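Protein chains: 2
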Amino acid sequence: MMSDDIPVIDPNAWREQFPITQKTVYMISNSLGAMPRSTRDNLNRYADIWEARGVRSWAEGWWVKQNDLAEHFSQILGVPASALSLHQNVTMASAVFASSLRFDSPRNKIVYTDMNFPTIMYLYDGIARQHGARVVRVESPDGIGVPTEKLLDAIDEETALVPISHVLFRSSFIQDAQTIVEKARRVGAIVVLDVYQSVGCIPLELHKWGVHAAVGGPLKFCCGGPGSCFLYVDPELCQELAPAYTGWMAHKQPFDFDTGPIDRREDGWRFLHGTPNVPGLFAAEEGVRICAEIGMEAVRKHSMKQTQLIWETAQELGLKSTAPENPEQRGGTIAIDAPHGYEVCQELLARDFIVDYRPKAGVRIAPHFYTLDEECVATVHQIRKILDSKAYEKHLGQEKRPG
Amino acid sequence: MMSDDIPVIDPNAWREQFPITQKTVYMISNSLGAMPRSTRDNLNRYADIWEARGVRSWAEGWWVKQNDLAEHFSQILGVPASALSLHQNVTMASAVFASSLRFDSPRNKIVYTDMNFPTIMYLYDGIARQHGARVVRVESPDGIGVPTEKLLDAIDEETALVPISHVLFRSSFIQDAQTIVEKARRVGAIVVLDVYQSVGCIPLELHKWGVHAAVGGPLKFCCGGPGSCFLYVDPELCQELAPAYTGWMAHKQPFDFDTGPIDRREDGWRFLHGTPNVPGLFAAEEGVRICAEIGMEAVRKHSMKQTQLIWETAQELGLKSTAPENPEQRGGTIAIDAPHGYEVCQELLARDFIVDYRPKAGVRIAPHFYTLDEECVATVHQIRKILDSKAYEKHLGQEKRPG
Numbered sequence: 057m058m059s060d061d062i063p064v065i066d067p068n069a070w071r072e073q074f075p076i077t078q079k080t081v082y083m084i085s086n087s088l089g090a091m092p093r094s095t096r097d098n099l100n101r102y103a104d105i106w107e108a109r110g111v112r113s114w115a116e117g118w119w120v121k122q123n124d125l126a127e128h129f130s131q132i133l134g135v136p137a138s139a140l141s142l143h144q145n146v147t148m149a150s151a152v153f154a155s156s157l158r159f160d161s162p163r164n165k166i167v168y169t170d171m172n173f174p175t176i177m178y179l180y181d182g183i184a185r186q187h188g189a190r191v192v193r194v195e196s197p198d199g200i201g202v203p204t205e206k207l208l209d210a211i212d213e214e215t216a217l218v219p220i221s222h223v224l225f226r227s228s229f230i231q232d233a234q235t236i237v238e239k240a241r242r243v244g245a246i247v248v249l250d251v252y253q254s255v256g257c258i259p260l261e262l263h264k265w266g267v268h269a270a271v272g273g274p275l276k277f278c279c280g281g282p283g284s285c286f287l288y289v290d291p292e293l294c295q296e297l298a299p300a301y302t303g304w305m306a307h308k309q310p311f312d313f314d315t316g317p318i319d320r321r322e323d324g325w326r327f328l329h330g331t332p333n334v335p336g337l338f339a340a341e342e343g344v345r346i347c348a349e350i351g352m353e354a355v356r357k358h359s360m361k362q363t364q365l366i367w368e369t370a371q372e373l374g375l376k377s378t379a380p381e382n383p384e385q386r387g388g389t390i391a392i393d394a395p396h397g398y399e400v401c402q403e404l405l406a407r408d409f410i411v412d413y414r415p416k417a418g419v420r421i422a423p424h425f426y427t428l429d430e431e432c433v434a435t436v437h438q439i440r441k442i443l444d445s446k447a448y449e450k451h452l453g454q455e456k457r458p459g
Numbered sequence: 057m058m059s060d061d062i063p064v065i066d067p068n069a070w071r072e073q074f075p076i077t078q079k080t081v082y083m084i085s086n087s088l089g090a091m092p093r094s095t096r097d098n099l100n101r102y103a104d105i106w107e108a109r110g111v112r113s114w115a116e117g118w119w120v121k122q123n124d125l126a127e128h129f130s131q132i133l134g135v136p137a138s139a140l141s142l143h144q145n146v147t148m149a150s151a152v153f154a155s156s157l158r159f160d161s162p163r164n165k166i167v168y169t170d171m172n173f174p175t176i177m178y179l180y181d182g183i184a185r186q187h188g189a190r191v192v193r194v195e196s197p198d199g200i201g202v203p204t205e206k207l208l209d210a211i212d213e214e215t216a217l218v219p220i221s222h223v224l225f226r227s228s229f230i231q232d233a234q235t236i237v238e239k240a241r242r243v244g245a246i247v248v249l250d251v252y253q254s255v256g257c258i259p260l261e262l263h264k265w266g267v268h269a270a271v272g273g274p275l276k277f278c279c280g281g282p283g284s285c286f287l288y289v290d291p292e293l294c295q296e297l298a299p300a301y302t303g304w305m306a307h308k309q310p311f312d313f314d315t316g317p318i319d320r321r322e323d324g325w326r327f328l329h330g331t332p333n334v335p336g337l338f339a340a341e342e343g344v345r346i347c348a349e350i351g352m353e354a355v356r357k358h359s360m361k362q363t364q365l366i367w368e369t370a371q372e373l374g375l376k377s378t379a380p381e382n383p384e385q386r387g388g389t390i391a392i393d394a395p396h397g398y399e400v401c402q403e404l405l406a407r408d409f410i411v412d413y414r415p416k417a418g419v420r421i422a423p424h425f426y427t428l429d430e431e432c433v434a435t436v437h438q439i440r441k442i443l444d445s446k447a448y449e450k451h452l453g454q455e456k457r458p459g
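Going down the list, the sequences are from chains A and B.
Under my numbering, the first residue of the first sequence carries the number 57, and numbering increases by one thereafter.
Under my numbering, the first residue of the second sequence carries the number 57, and numbering increases by one thereafter.
It should be emphasised that the hints constitute simulated quantities derived from the structure, not laboratory data.
Remember, it's a predicted structure, so these values are computed and weren't measured experimentally.
Some clues are possibly wrong.
Since the list gives no way to pick out one identical chain from another, each pair is judged satisfied if it fits inside one copy or across any two copies.
Dumping the calculated DMTMM-like pairs for lysine to aspartate or glutamate here, alpha-carbon to alpha-carbon at most 25 Å [to be verified]:
| hint | residue 1 | residue 2 |
| --- | --- | --- |
| 1 | Lys79 | Asp97 |
| 2 | Lys446 | Asp181 |
| 3 | Lys239 | Asp170 |
| 4 | Lys376 | Glu72 |
| 5 | Lys446 | Glu214 |
| 6 | Lys456 | Glu368 |
| 7 | Lys239 | Asp181 |
| 8 | Lys416 | Glu349 |
| 9 | Lys416 | Asp97 |
| 10 | Lys206 | Glu296 |
| 11 | Lys79 | Glu107 |
| 12 | Lys376 | Asp312 |
| 13 | Lys456 | Asp314 |
| 14 | Lys450 | Glu213 |
| 15 | Lys450 | Asp66 |
| 16 | Lys206 | Asp124 |
| 17 | Lys416 | Asp198 |
| 18 | Lys416 | Asp312 |
Please model the entire structure based on the sequences and the hints provided.
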């Protein structure tokens, strides 16, 4: 789609449906997207069916409930819905996928960058130890991004797996997924792309890009909250893989309760395991549905306009950002690396400017389709005011809070 | 507690709080417990905080929300709450625990019985393949239970892991967990006890019994629905184990976003991984809280009276049960092995007698603290009527439904 053909989002058309936007300056959609009003109705639908239908709920929708969420996700990921499975979080989605791989010498390298979300590093370090695999960690020279060439050089014939982020959580730097996947395919390595920071904000064409597998979830820009992350596996690759961590949902005839060996499904359900997280699926559905309805081209256009506004306002006010300068290389977040960032963040929260803070990144600001331009400007000005007035000082020395 | 001191449950005191019991004969608490009315309020509390507080929800309760559910579970499991972690399902709870074990020859046997829930067999077959471990499957001679001696004989110095069910899902046979754990400890094997069919129905003293690890969930007798299963790990053993499948929630300082290696917590959180399933935790809480409040001694007393009533009524009406004859050896379920069991089950459901059907078990009937004696009798009579009138015939040849 050419830029001019992309619809312009009117944030005011969405704000009534996202109640927190009417009471706060909600600038943290890269961490926890605002809750759609209709999510409450969906949670009540979960209660309605359990309350009225009891165990019949399974036959009347629960058993296949993951397919509804998969359908919405498929539209914003550019993959067939049948290639998706839903899991509690990205860690476990990644773990299930990894349990289907081999790390036999000499192809036993796991190549990632030190800009990954830490949990992913903890996980693959554990997997490497378990399988005698080698971890190759490619380092960022500047804490913003990792030069693509440097990463490509590390991916070789001895590489089994490349688990990397599409958009880096600290800097919002967009990695060149397509080029990385091409190199991996050339040498026979498998890429697991973590799209947590891009899904719901940036157009994705995972199937077209040839991505082997991808993980992400509804928590952030998809406005679906915690509990239901997806694993995408390329349908062609899927058939060849047999996850060790499996269960009855992956069985072709689960209600035969056959004692084994497992007769595996051939679609994305091949990567399911035990009983699904039905309340989490109901909780996530509305946010993802709305994102798919709006369309990622429009969201990205709106996001790029507003992140640029944040960037420019920060420049004007003498605030440093750890995001890439080139808008094309930036995801949906601008982190402002203000002094006393954690304390500034606490003061912003107290003033109902909702943001978060990450070490080596700063105060993260992420507008979304329900964000007004003036909120972007006001948030940066508020940081300046808090710094100038030293209002952050009252938070110094306090115990750090989760979030 | 002596039997006479155990409070007698009045089911009528609970039925208003479990709406489905007022509209159906709800006899399937071993599969999906009835939803407490207050669960809906709790789901709305989840929506309230997300809607109003946004990302601040993490600091204001979400991050540690699993501890509330753990607290309720700890009371009915006989373990410290701090030794519990919550996971999507028993399969993944088991997988995370298994990822902390080694299966080095010669101690590389995984010993289980063919009466396990199939998903557990699929999982451990996969793990065995992954690690070159040997699966030793102890077979039931009668499809009801496995003689304890036979299982004990299979647990030897080459046994790494014994993943077994406390109460068997088909027959409701209670395995002698304490004796099995004693043998395992003597030879250095580790027991993972699946208490899914006993938790919420039978008094458990897992810590006192010396159980190494246990898995189970709120879905069944705990009336908590799907999404939030627990892993208990003996606090002494916990310190020695380093799960490969780990993540930031297992880190002592997760919000430092340290790039590794992971600095592991020393309590049950050591077995957590990625972002918690907050909606599932809210959904499960009320059922487990109510079970803990009633107390397992009272529930068991009520259950034994009613399962005996079902058993005797079945005998009277010439119906065969696959449950053990000795009430002390039976869990909370009586399965009636009627001819055309699946179709009989469908007709019972159509008549609002809510039960389920399992192959090699039959129509499963499980009363609970909200069940009236007359419902137990009526359900068995209904089976007799459906058989005698051949009303099941209309369901013959239909595609089998999940549930």
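Inset, instruction - List in ascending order the numbers of the hints, as given earlier, that are violated by the structure. - result: Violated hints: 2, 4, 5, 6, 8, 9, 10, 14, 15 and 16; rest satisfied.
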